[in-house]
Each structure stands twice: as structure tokens, then as C-alpha cells.
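Novice: Residues per chain, in single letters:
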Amino acid sequence: MPLFQRILVANRGEIALRVIRTAQEMGIETVAVYSDADRNALHVRRASHAVHIGGSKPAESYLDIGKIIAAARSAGADAIHPGYGFLSENEDFSQACLDHKIEFLGPPPAAILAMGDKVEARKIAQKAGVPLVPGLQEDVDEPRLKAAALQVGYPVMLKAAAGGGGKGIRIVRDESQLLEAFHMARAEAKGAFGDDRVYLEKFVTRPRHVEIQVLADKHGNVVSYGERECSVQRRHQKLVEESPCAALTPAIRKAMGDAACQLARAVGYVGAGTVEFLFSGGRFYFLEMNTRLQVEHPVTEMRFGVDLVREQIRIGAGEKLAPVPEPRGHAIEVRVNAEDPENYFPSLGLITRLSLPGGPGVRLDSALFRGLEVTPFYDSMLAKLVVWGEDRAQAIARCQRALRELRIVGVATSLPVALRTLASDEFQGGDYDTGILERIPKKAAASRRELAMLAAAAARFLVQERAGARSAEATAAASITPRWGLLGRAERLRRTGR
Amino acid sequence: MKYFCKLDGEECEFAIERHGDRLMARRGDRTFQLDLSLIGDGAAFSLLVDGRSYDVMADVQGEKVALQMVGERFQVHVEDERERAAHAVVGQKGGGKQELRAAMPGIVVAVKVAVGDQVAEGQTLVVLEAMKMQNPLAAEAAGKVTRVLCKQGEAVANGALLLELE
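Order-wise, the sequence lines are chains A and B. In terms of this note's numbering, the first sequence has 202 at position 202, counting the first letter as 1, and numbering is strictly consecutive. Each number in this note's numbering corresponds to the 1-based position in the second sequence with 1000 added.
Same shape as in the complex, but just chain A (with noise of 0.2 angstroms):
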């Protein structure tokens, strides 16, 4: 018996089939949603049944509780899967499915809610004995900000309660520019989450991105699969993980894992939850609580043989954890997203050609196919490549390998920047911060300009030869039978004309 009859997956892209992956091979029958934009996506190809939910914008479609829940209904599912993005993180979502009966493959909403709230949070994991950033734990105020910067200390950070990707984020770094700052970051709060409570905290130097991926049952265990190393981002976007961090003892590794268990418990977690951590001169900050599978959880199932919506599953049926394996090797991401390579602005078009990786220890999440059309309206990422290594020196070179073989014309993509990224100094080293994007050379290097010049060349070269060819081919034909000579050309042309 399948531990459910059929799970419809909120969600779109890469996630989507990921989801309906793992469910085809448990056997359970899977539901996708597609809106307009999507008819032909993979996930809607792949699922074993489809339901349209509406209009292309996200709010007409995969942000719609009640077209979802309608879906779910008319479609039988007896469980829903809700990605990353989208609902994945709405307490709402969570309560819709319990009040129609249906298993949420995710946290109950009161977790939801309560890690959603950054002030609510840092309380909580404050009462849970997990360190955070010096800092103030509730919204300060006009009268009080200047007191408190100063009992912190400069630099100091202004972060919107309400909080995330980046909006509403002041770095102050002295009292001259602490007002100013503080209103922009309220009226930047107020804008991006109709929120205006700020807080203040010190800002961490040089700092690097951990975090911890836990998973807790019904049964109230909860268990931590060892950490990812997500320093490599830009605006808070990340570009490449891996697993283990190279900075990381074994004791902050186990304090790390054990505070992450300890927050989960404190806030009755259920399911794949992942617990984000500045490290920073071998002490550790929380920093906030992800109440979903993250887009990096691959990683860690490369590294611990396991398969994380498996288990969530699994959770969501009421079965117990399985012992967490010993992890092996090491693990690295990388996402693919659809942007110039420069300024990181979304490109657009149609996918018309594609090349992809195989070869050991490789593994491409995508929900890439040619005549894919990348649209406004989604997420960039196009794809993820994740490779398994022995050790850290293989897998980065496992990782390069693979970039180079994956080839996607139509769109710019971020593929030349982490090429150059995993092949500096800093990251090939592995003492980086979160600051390393910055520093990653803005242009490929001269010999390979040199070299892209001289093909560039050669290729002209070549459609001039062919093309001449043609042209002395139909000019000759011309000269015989003068009429059907130019129809034919104008036929070739018609044929071959861009």
C-alpha cells in the first residue's frame, strides 16, 4: 500500500518534478497545477494527472489557496507538497489543507507562523538556548535607537522585522548616519511587507553562511543532517553550496546541529525545515528558521544517501524518522539561473539549444527541455547541478567538469561566473565569506578572450566560404535556365533565410 494515493504538487519548475520523482518511485500518483504560461512545462508532462489553476501572474495561479485546495479536491489528492517559493511558507496554506482534510508535506501553521515573524523568532530561539547576533530582540524605536547602537556596538545592521530577501537591510557604521538609515529601512519595511518594526542588531564582519537541514516527525524526534556552506551569494541569492563547510570543527558542527534541533522542538516543528547561521571568528548566530525544503537540499542528500521528500513523506504519513546515515564525501550545488553573467539581470527568450551532463557523481535538477520558453513571470533558475566527490578537491573539479559540459543557448546564464568562481584561489582554498561574489573576476581571462576572438573568426570565416559557395551554385544555375535558376535561388534562400 503507497503511503498516500496521489500528492498534487503546489508548485512549478525544477521543484515540481523533483516532488514527482520521488512519488512515482514510492508509488503514489501525483497531481501537477499549471497555469497558463505552463502548459508544456515537464512537471505538468510528468505528473500522472494535470489540473489548470489559472493565469500566468503568480497571484492568478500557484499563490491561489482556493484554486489549489479546489484542485486537490477535484483531483482526489490526499496530500499536497508545496515546494519552495510560493506557498511553501504561508501559515494560511497550512491551515487550508488541515481544515479540508488534506496532508500538508510540511510544518503546521503555528510553526510556520511563529518562524515567519523574525522578531517572534529570535525570541523563541533566544528561549531555546540558541545564540543569536548581539542585539536588541524587539522593534526599537526612535527614542531608543541610539542607546541601543551604542550597547551593541558599530557597525550595527537595521533589519525589517517582518523580513527577508534582502529589503528592508541597513548596515550603519557609525552614529552620523544611524537616523537616516533607520527611517529608510522603516519606510523600506513598510513598502515591501506593509510592516514598518525594524530591529537592530550588530552587524557580523567577514561573516559566512551555515546552515543546518533537520527534519522532526509527528512522534516529536528530531535529528539534523549536518550542515551547508552557502557563502556564495549575491542580495542574499545563492549561487553555490556545498557540504560539509571546510571551516567547521566537529564540536561547532555538533553545537550547530544540536541548537538546530533544539529551535525545531521548541516551535513544535514537522517536516524538512532548515536553520540558517552566520558563522563568523568560530562562534555561531542564528539567523532565521526556513519552515520548508530548501532549493540547496540536494546537497545534503548527495551527502547523506538519502532522499529528503521521501522522508517527508514518509513524516507526513505519521511514520517515525529513519537513523540519519553516516555522511560521505562532499557535496556542491550549483544553481543555473537565466541572467547576464554581469549585471545578474533576467534574461529572457526560447531555449533552443541544449547540451547536458552526465558522467559519475552527477545530478541535474531542471526542468529544462528545448523550446522551453523562459518567461517574466517565474523564478531564473533554470537548472541544478550537484556533484558528489571523495573529498572537496574532486568534487570541485567533478562540479567544473560538469559546468562545462552543460551548454544552454538561448538565454545568458550565471554558468561563466561560477565557473570562476569555483576555479579561484579563495574558493579553492575554502576560507571564504559571504563577500567572495565581489571579488570573482567580472570577465573571463585574456587568454580565453584571445581565444574566443580567433573561433569567432574562423566561424565567419566558414559561413562566408559555404555562403559564396552557395551564391557561385546559383549563379550558375542562373545562367542556364534563367527562370527556374532564380526561383530556385529564391526557394534557397526562402529555405535558408534567418
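Hints are supplied without guarantee of correctness; some may be wrong.
Examples of chain B residues lying across from chain A (beta carbon under 10 angstroms, computed) [to be verified]:
| hint | residue |
| --- | --- |
| 1 | V1049 |
| 2 | Y1054 |
| 3 | M1057 |
| 4 | V1108 |
| 5 | V1111 |
| 6 | V1113 |
| 7 | L1149 |
| 8 | C1150 |
In silico lysine to any residue, SDA-like type, Cα no more than 25 angstroms apart, as pairs [as the list claims (entries may be wrong)]:
| hint | chain 1 | residue 1 | chain 2 | residue 2 |
| --- | --- | --- | --- | --- |
| 9 | A | K442 | B | G1009 |
| 10 | B | K1006 | A | F345 |
| 11 | A | K443 | B | D1059 |
| 12 | B | K1002 | A | R466 |
| 13 | B | K1097 | B | V1119 |
| 14 | B | K1064 | A | D92 |
| 15 | B | K1144 | B | E1166 |
| 16 | A | K443 | B | R1052 |
| 17 | B | K1002 | A | M26 |
| 18 | A | K218 | A | Q177 |
| 19 | B | K1006 | A | D340 |
| 20 | B | K1112 | A | K443 |
| 21 | B | K1112 | A | G410 |
| 22 | B | K1006 | A | G468 |
| 23 | B | K1064 | A | Y344 |
Bear in mind the hints are in silico, worked out from the structure with no lab data behind them. Yeah, the Cβ is synthetic: ideal placement off N, Cα and C, and Gly gets one too.
The hints should help you fit chain B onto chain A, whose structure is shown.
Specialist: Here is chain B on its own, set in the frame of chain A:
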């Protein structure tokens, strides 16, 4: 044939000629033995440079060549010596006036500007198809379009006046 390649503001000149199955490229006193093989419909190449192998995805649109190789993506502007000479004719200035003339006989496939438009240096003004290749004709200097003397679909002779700018 000589090729003038531009990439991110940097210029390289290569002379390429055919020797049987191979191509020979020269830059200054250095030479490169090339073996360039088209794959399928021509959007991919296998390139051997002095025996070193490169897997190349390429899109050649007239002088614009987009490449993916060695894990990087490049947009190279490649002008051959004939085009360079023709472009030199374009935009001969007289009293702040610029003229855009057809660099070769061909068909006007696009007129990208209208009278009164302010154009930037290097901006494509007209696209001319000749020998089945699309040749973008660009403004030599910034200016304002004062006359448009050609239209889409029109066949033009070598040296025909297409646009006037000031």
C-alpha cells in the same frame, strides 16, 4: 582574408586562409593551425587549435558572432577587411554631416531609425542583406537623422546613399 575582432572594447586582428582541410590563422608573428568542423545544421562546431580541442556553440549573424566555449559566453564583433573598408566609407564627415552609404549591393532588410532620431555611435541604422548575410550598418558617430533615402525591401547599388545624419 583579414578579420578585425572586437570583444569588450579590445581588438584583435587575424588573417585566415585555407590550406586544404585546415585553416591557417596569423596574428602578428604567431600562427595557429585550425581545424573547424561544422556539426549538424551549423550552430555547433568542433574546433581544433594546434591540436587542442574545443567544443563550440556558435551563432553567426553577419558581423555579430555569439559563442559559448570554455564555460564562457562571448559576443564578438567580427569585421572582415572588405567590410572594414566599406565601413570606412560610411560616415565620411563634412561639416558635421554624416552619410550612410551601402557598403555593397544588397537588399535593405530593415531601417532602424526615422528622421529626427538621435543616434549613438555604433548604433545600427540599417541592415543590408548581401550574399545572404545580414550586415548591420552602424553610425560612425553620434548624431541626428536628417534624411532617410531607402526603405525596407529596396534593392540598393554599391555606394548608394541610405541615410544622412548631422
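Novice: Now tell me, hint by hint, if it's right for this structure.
Specialist: Each hint, compared with the structure:
no.: 1; hint: V1049; in the structure: holds (7 angstroms)
no.: 2; hint: Y1054; in the structure: holds (7 angstroms)
no.: 3; hint: M1057; in the structure: holds (5 angstroms)
no.: 4; hint: V1108; in the structure: violated (15 angstroms)
no.: 5; hint: V1111; in the structure: violated (18 angstroms)
no.: 6; hint: V1113; in the structure: violated (22 angstroms)
no.: 7; hint: L1149; in the structure: violated (25 angstroms)
no.: 8; hint: C1150; in the structure: violated (20 angstroms)
no.: 9; hint: K442(A) to G1009(B); in the structure: holds (14 angstroms)
no.: 10; hint: K1006(B) to F345(A); in the structure: holds (23 angstroms)
no.: 11; hint: K443(A) to D1059(B); in the structure: holds (20 angstroms)
no.: 12; hint: K1002(B) to R466(A); in the structure: holds (17 angstroms)
no.: 13; hint: K1097(B) to V1119(B); in the structure: holds (13 angstroms)
no.: 14; hint: K1064(B) to D92(A); in the structure: violated (52 angstroms)
no.: 15; hint: K1144(B) to E1166(B); in the structure: holds (5 angstroms)
no.: 16; hint: K443(A) to R1052(B); in the structure: holds (23 angstroms)
no.: 17; hint: K1002(B) to M26(A); in the structure: violated (62 angstroms)
no.: 18; hint: K218(A) to Q177(A); in the structure: violated (48 angstroms)
no.: 19; hint: K1006(B) to D340(A); in the structure: holds (19 angstroms)
no.: 20; hint: K1112(B) to K443(A); in the structure: violated (31 angstroms)
no.: 21; hint: K1112(B) to G410(A); in the structure: holds (23 angstroms)
no.: 22; hint: K1006(B) to G468(A); in the structure: holds (24 angstroms)
no.: 23; hint: K1064(B) to Y344(A); in the structure: holds (22 angstroms)
In this structure, the hints that do not hold are numbers 4, 5, 6, 7, 8, 14, 17, 18 and 20, in rising order.
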